[in-house]
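Since the structure of chain A is provided, determine the placement of chains B, C and D with the ligands on it from the hints.
So the sequence lines, in the order shown, correspond to chains A, B, C and D. Residue 195 in my numbering is what sits at position 195 of the first sequence, and the numbering runs on without skipping anything. Residue 258 in my numbering is what sits at position 258 of the second sequence, and the numbering runs on without skipping anything. Residue 60 in my numbering is what sits at position 60 of the third sequence, and the numbering runs on without skipping anything. Residue 41 in my numbering is what sits at position 41 of the fourth sequence, and the numbering runs on without skipping anything.
These are computed hints drawn from the structure, not numbers from a lab. A portion of the hints provided could be inaccurate.
[Stated by the list, open to error] Only pairs whose alpha carbons sit at most 25 Å apart, straight line, appear in this in silico PhoX-like list of lysine-lysine:
id, chain 1, residue 1, chain 2, residue 2
1, A, LYS183, A, LYS142
2, B, LYS146, B, LYS185
3, C, LYS298, A, LYS455
4, D, LYS192, D, LYS16
5, A, LYS222, C, LYS294
6, A, LYS539, B, LYS577
7, C, LYS294, A, LYS260
8, A, LYS23, A, LYS241
9, A, LYS539, B, LYS546
10, A, LYS222, C, LYS298
[Claimed, not checked] If you want the ones that stay clear, here's a sample from chain B, every Cβ over 10 Å from chain D, calculated:
id, residue
11, ALA136
12, ASP138
13, LEU573
Just so you know, even glycine gets a beta-carbon here, dropped at the ideal spot from N, CA and C.
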Amino acid sequence: MLIEKRPVTRFELLMDAGFGAQKAGDILLGAFVAMGKFIYVEPMIPAEISPPARSRAALSGVIIRLAEFDATNIGNDTDLILASHEIVLDRRLEDREYNSKCVILLDMGDKEINPDSYEAVLKKCTEQGLTVIPFATDEVSKNTIKDLGGRGQNLYYLGMLSYIYNMDEEMVQAEIQKTFGKKLKPEVMQKNVTLYHNGYQLAKEKVFFRIQVDSKPRVGEKILIDGNSSLAMGLIDAGFKLFSGYPITPASSIMHILAKELPSYGGIVHQAEDEIAAIGAAIGAYYGGVPSVTCTSGPGLSLKQEFIGYSQMAEIPLVVIDVQRGGPSTGMPTKTEQSDLPAVVFGSHGDYTKIVISVSNVIDCFYAPHLARYLAEKLCLPVFIMSDFQTANSYKVIAKPKAVIMDQVDEIPDFILERFHIKRLPKDIEMTRTVQAVPGVEGGMRRVSGLNTDKLGRVNYGSVTNQQAHEIRNEKVHHVARALTLPEIFGPEEGDILIVSWGSTRGASEEAITLCAKEGIKAAGMHLRVVYPLPLMLKDVFSKYKKVVTIEVAYGDDLKPSPLAFFLRAHTLVDIKPLIAEATGRPIRPKIILKRVKEVLSQ
Amino acid sequence: MLIEKRPVTRFELLMDAGFGAQKAGDILLGAFVAMGKFIYVEPMIPAEISPPARSRAALSGVIIRLAEFDATNIGNDTDLILASHEIVLDRRLEDREYNSKCVILLDMGDKEINPDSYEAVLKKCTEQGLTVIPFATDEVSKNTIKDLGGRGQNLYYLGMLSYIYNMDEEMVQAEIQKTFGKKLKPEVMQKNVTLYHNGYQLAKEKVFFRIQVDSKPRVGEKILIDGNSSLAMGLIDAGFKLFSGYPITPASSIMHILAKELPSYGGIVHQAEDEIAAIGAAIGAYYGGVPSVTCTSGPGLSLKQEFIGYSQMAEIPLVVIDVQRGGPSTGMPTKTEQSDLPAVVFGSHGDYTKIVISVSNVIDCFYAPHLARYLAEKLCLPVFIMSDFQTANSYKVIAKPKAVIMDQVDEIPDFILERFHIKRLPKDIEMTRTVQAVPGVEGGMRRVSGLNTDKLGRVNYGSVTNQQAHEIRNEKVHHVARALTLPEIFGPEEGDILIVSWGSTRGASEEAITLCAKEGIKAAGMHLRVVYPLPLMLKDVFSKYKKVVTIEVAYGDDLKPSPLAFFLRAHTLVDIKPLIAEATGRPIRPKIILKRVKEVLSQ
Amino acid sequence: MSTPAEEQPSPLVTVKDLNTENPRWCAGCGDFGIIMGLKRFIVERQLSPAKTVNVSGIGCSSRAPFYFNTYGVHSIHGRPITVAMGIALARPDLNLFVHSGDGDTLSIGGNHLIHGINKNFKCVFLMYDNEIYALTKNQTSPTTRKDHVTNTQPQGSYLNPLNPLSVAIGLGASFVASTADWIPDHLTNTLKTAFDHPGFAFVHISQRCPHFDPNNFDHKSSSWFSFLKHPNGIEPDKRLADKTEVIDHDPSNLAKAFEFAAAERRYFGLFYQNKNKPRYDVVMHDLIKNAPPKDRSKILDGFDI
Amino acid sequence: MSTPAEEQPSPLVTVKDLNTENPRWCAGCGDFGIIMGLKRFIVERQLSPAKTVNVSGIGCSSRAPFYFNTYGVHSIHGRPITVAMGIALARPDLNLFVHSGDGDTLSIGGNHLIHGINKNFKCVFLMYDNEIYALTKNQTSPTTRKDHVTNTQPQGSYLNPLNPLSVAIGLGASFVASTADWIPDHLTNTLKTAFDHPGFAFVHISQRCPHFDPNNFDHKSSSWFSFLKHPNGIEPDKRLADKTEVIDHDPSNLAKAFEFAAAERRYFGLFYQNKNKPRYDVVMHDLIKNAPPKDRSKILDGFDI
Ligand SMILES: Cc1ncc(C[n+]2csc(CCOP(=O)(O)OP(=O)(O)O)c2C)c(N)n1
Ligand SMILES: Cc1ncc(C[n+]2csc(CCOP(=O)(O)OP(=O)(O)O)c2C)c(N)n1
Ligand code: SF4
Ligand code: SF4
Ligand SMILES: [Mg+2]
Ligand SMILES: [Mg+2]
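Only chain A is shown next, with the shape it has when bound in the complex (with noise of 0.2 Å):
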């Protein structure tokens, strides 16, 4: 018997949607947490509810990342597979994140039927070197399964994996437990179960190895959150109480949460008709003195695009949140990619302004509603909070972030500015029109437009005038990049190479960063969570390195550079080109940052 131990290890449990295998992973990382492991979580979602199983489509299942320290990301390589059948062995392998010496689980339950299916998968198998360990289900248990109506295979594979990471039975079945708790009738429990303990059996007698993992106790009050979970708990902290959406993957979510939650706290939750009506309510509210967020991802962003421009013009404050998929149009919704910047940047006709955030992790997602409302009512005009597919549903166990319960925008602490490397705004900033109340307020009376207007409000069509309103609403956006600090840097404050990233990229990079040094390479990482306006000291801090290349999971090429790349090519006329751009669908690698880091420096 081997016994492995690894300081990080991935694992992935795959099988058809709609047989639980993120529910098994979900009871499997409760025990991990409880052995005080760091964990980072991602599941793998089909695009539609129940494609017809045995198909590629058909995909659904989790990957885990165990490990020794708090992972910041979904990390490179999965070690072990554990797959229900070979088609949806065969769909993963495709996206090649499968390390040299990873052991495939291979259910061969469908084998009889399909054997030439199987045969090839195979193959596939053996010439990329992995290892596969077919197995099959004992007869007991299909029976039982065939009795539970088809399903419980998902708990016999985590008694499998239970055993591999030499778990403890016991504390496994508590979580089971914990997690079907009330839901499921005694006999069915019994049966799931007996399926769970099967599995190990199972395990035991066919699996050559285990991985060692070692329990200790859990140090301090810990959360387990996802990305989504956690944007929907900071809007409420954040003192919104209105939010307007209309459902879509992967930000609808974020709605489901507050539906059940913001009522508690006395917000209402808006299931509008369209996205157009969705940002229209979040204004009209917001115009009302309300705190609104309307959330979204990239089909109903194109379509809030008028109204977007329109509450900077009004001077109307808004949040807007782009929770970013695979696109152009409609992509691959339950993929993730960063390729929205430009239209969140750009999207809406004429001049506009707007104050961007991304989030990074599911600590950013907390805070990010905070300083995002701080800006909109200060500023009047909308601030995006993009986040995208990975960040929104992966998820992990964190410390518990600190309740803010912000009340006034001014309350906002300095530990949130500091988080987003931005100072304090000047007190007063200038609008385009000299009255600002809110309805109610005696006095106040004053009408908004999309016009142009003068600063008492009236339609004017001079060309002074309009030259001016442009000046006034250009210079909120330049308080904020005057505002802004030194982003957050990673290694060496000078170097041969500066990666720069932004959002769900952050873990990756500052994994690679770590990597780098170890191999000696001068490398650095810069993060941006405020990624427009770009603070005015980027051009000197890139002349401090050699390189400067950006990482970007967005499509980009030698004749067109990747969002970020672009954006920064702009602002500091500094030649700079992506790292990795690429939209495949998956996050970026630490590993292969290292790589491609390698690669360019040897050029």
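Chains B, C and D with the ligands alone, transformed into the frame defined by chain A:
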């Protein structure tokens, strides 16, 4: 009596909306054209239908530039203004487009009831050193106007102007006849002619100078046309058979013209319920194999963004016209601006592909549709034609452009490609899907989608397939980048400064370069007709000038480059700043360019 | 962002107090009559201008909010209902009037009309129906009569117009009334009844556009329309009461209301009213009332492990 | 851009010819029945697949075009009618079917429904009404029944649903029928009648979504609905004809149609049909026919001076 002869002169007639200033202008320019003059006319249009008389908002008028050469723009400063009362005059003076020697003919008719207001405006004029010739309509004419229900004052002013411009009374009367011809009853016509005559007489008494305008025979077949009409007729000539739009200023007149004309050429004008429906129908029709176009201005552009991204994902050809106006939001609907470029290039969510053509004059307007259709069908993506209020509404006399009668896109003649500085594309261009047949073709059956698909059109969320599809789409745009030849250059091939322009600023740029040359300044102009993608040799060309700047009717400042400057910076890494970047709603003037060039070169 | 101060007793509001600048409308435009009707109602009811919000889209008619010295949102084309929805949710204490042209309401804004009506949030919705796109200069709107020549349908408008009243009834509106710009008493009474309605009050107003369509709406004759009358309805206009046909109609009768609405002839008055249709704005505030309050300092406790 | 070749006589079309991949729907999804019903009709009528276009929006149901070996446009959410409009204008020779879910049709797509119905262009419009947003995972749609718990209205859906049938009738639809995914004969017959209708044929289809709402639509009983029957209507489903209430209804009777539509009880059959409503697509092609043809080589002559 002073008789002036000027090579270039520009004058304005300013009245309240609804009183026929533009009609008077049309008659006048008809006469000038008959005299063999070159003219360039810009109407001034209020954003409301008939704002209250004697309000600043009521300003409606016409600027006429009269030249011995083929004027390419509305020119510099006004030499003479005829204003019906002090308020429209005051409103217009705000734009500061008058010459220091400008003569103002001010109708004092309203002075009695508004003495203070007149006083104030007259004082302003004196302070600016302007010559004011006050006058009053004679009593007989006043009564005639009363008889005509308040109409006819414009004919009176027309009479005055034709005296000043030394025109043949008979000839102008013939133009009046031609214009009103059958629409007016003979006695009403007679009254109008009398008013004209009386105005002529009044000027003879009151005005101390005349401007000498020689008559010479017209050469060749000429037409008088504005940008929107030219674009409309160009669409027909290029073979478009479906126009799908929703009314919006300043795009609407294209639809109005086509509504009358297109059925006679076998085509349909579809007024949709909104801009989204309009673009949807154009996409549906083009999927059906029928060349289709949708057309809008700012707010409509924002609404179309989702479908724009869709058309390129589904690989359905599409032509989108954006007639820009003052933005952002509702902005200034009847003023000119060039600020939509970022939204056109980057407005739809995700990484999407598009080609952007701009028009700089009425001839570009006529031929842009051919190029747009050629590119749209060759590449199966959206192609934009960008115009603006100034190009759309200004009109001039030109030699009649040659009709092409394009049926298939490969018939596009070389002279059109050359006009837009582009070479013919390679014959075969790779598409993301192999089959591209149009309904009705047996065996070509296919489903298109905004989801990512494989080469066979099947929905696919694989990382490799998605990245490949991005590459194929982007490569289409790169084909265009490689096909672009050196853009139009005015002036020397190297020098102290290069002024880059696009769209409606071409004329002013060209004229400014001539002014610079006269003063011995080594300035050149580069005018871009295809604005996205950018040609690949720009950096080389730019390196031949000490400074490269842009001129844009769009906002820009030290911290935020105006749109074209921004794109050029990212593309070339040259430190390009705007020479002029103003969102005043007014066109850029050659002489201001000259002034700024001098300033910049002396820094 | 300043929040409203405590309500202060305001002095008596007059029409003059409600005026701002000179409206930028053509002489003779029906919009003048409509805003005057609303001002008369505001004065009659002594609504607080500081607690009144006029919301509009884009169009000649949508300029209305500029001409009321109250709060106002001149929003974007076709979307005033969406903005009003947000205001209604955020600030149930305000008096909410929505101004929208026929193009704004029924062309680009159609979807929001559907859902405004269905959500039945409290506001008075004034549809200014001049049966034309005026501000963009004379294009066919969904209510333009067949064969009428416009700039986009120069051979005469091609289709039968949409009927705003039967559309509203078909959508399940809880309040549907019709009036006209040139019958001021009826107009003001209609707005009064609408304001008292607990929900989305759809008020259709025939509006003259002398600039583009001087021959539409023969406002000097009253032979082409009838008033609908009922104790629970709206009084026929006093000036015209004897000259015009008056028909009894019980506004609780949905089938009859649909028949009147779908008829060729025009009727002014209250077509339909149902005071019991659930109100989304009320439901949403009830949700808050009924939700167990939670402690903001423990906001993340639900994620404890 | 290749243009269609001359129509060639195609061999007999079978359901198998119309199949493509295995649909990505859950087992038991009502969408299977609906596309099978349409395939049966296409085969029965021997429509040329190459001359058939299925257009859809986004949703589980909107995947339908992928599963027909014909031409197809899987467009964007809520907008299939706009794309279909363009196809109808450009290619009146094609058979046009529009597939759209309840969210797609009545939430985001409401405005296009209004105008598709009003323009009355020729197509068969299939509204897949599972009374839920399925693809985005269980949110309230405009047709979700009151109090039904969803992800966005977890306290139970807040409002009474919109009634698609009375909405369509209120909008002036020329053809309004209703059927269900589990009564195949009735479904196919409905599509047949709809296809023969000269104009926009609005077909409402109750559709089961066992994944998110297994208890909706008791398809094993027929006590909760009735068939509408008439010589000019649609035959009641053979399998259920004797077990189910059948009511005579003349589809030319608008008032009665509105009553049935607005009723609590469900009716399947033809509610309303008017074959004489003007068709925008026809009008537009007539404009071309009636316009004096002009010479393309003289295109700019009108601007001569
Ligand atoms: C998104 C958008 N599309 C189009 C327009 C142009 N537009 C302004 S008003 C209007 C229609 C006006 O008609 P209506 O709503 O009937 O108002 P009216 O002017 O007749 O009072 C249109 C199409 C716009 N401002 N925004
Ligand atoms: C513009 C836009 N908004 C939102 C979405 C997300 N979305 C996809 S399908 C859908 C609704 C699905 O409901 P329905 O139309 O009833 O179809 P079903 O899935 O129930 O068949 C939504 C909101 C989208 N794709 N595009
Ligand atoms: S154009 Fe018509 S609607 Fe507009 S202001 Fe003039 S009269 Fe009124
Ligand atoms: S979720 Fe519902 S509608 Fe969607 S495929 Fe499954 S059963 Fe059908
Ligand atoms: Mg109107
Ligand atoms: Mg549905």
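Compare the distance between the alpha carbons of LYS146 of chain B and LYS185 of chain B with 25 Å, and conclude whether the hinted pair is satisfied.
Since the Cα atoms of LYS146 of chain B and LYS185 of chain B sit roughly 17 Å apart, the hinted pair holds (cutoff 25 Å).
query: Are the Cα atoms of LYS23 of chain A and LYS241 of chain A separated by 25 Å or less?
result: Distance of about 32 Å is beyond 25 Å: violated.
Is LEU573 of chain B truly not at the interface, in the sense that its beta carbon sits beyond 10 Å from all beta carbons of chain D? holds (37 Å)
Say whether it holds or is violated: ALA136 of chain B keeps its Cβ farther than 10 Å from all Cβ of chain D.
holds (35 Å)
Worksheet entry | Straight-line alpha-carbon gap LYS183 of chain A to LYS142 of chain A, limit 25 Å | Status holds; Cα separation ~23 Å.
Checklist entry - Has the given pair, LYS222 of chain A with LYS294 of chain C, been kept, meaning a C-alpha gap of at most 25 Å? => result holds (20 Å)
Hinted pair LYS294 of chain C and LYS260 of chain A, Cα distance within 25 Å: Cα-Cα ~12 Å, so holds.
Report task. Verify the proposed pairing of LYS539 of chain A with LYS577 of chain B, using a straight-line Cα cut of 25 Å. Result -> holds (17 Å)
For this session: Would you check whether the claim that ASP138 of chain B is not at the interface survives, using Cβ distances to chain D and the 10 Å cut-off?
Result: holds (33 Å)
Pairwise hint evaluation, LYS16 of chain D against LYS192 of chain D, where the allowed Cα distance is 25 Å at most:
Measuring from Cα to Cα gives roughly 20 Å; hence the hint holds.
* Satisfaction of hint between LYS546 of chain B and LYS539 of chain A, Cα-Cα up to 25 Å -> This hinted pair holds, its Cα atoms lying about 22 Å apart.
Between the alpha carbons of LYS298 of chain C and LYS455 of chain A, is the straight-line distance 25 Å or under?
violated (44 Å)
Hint compliance for this structure: hints 3, 8 are broken, all remaining hints hold.
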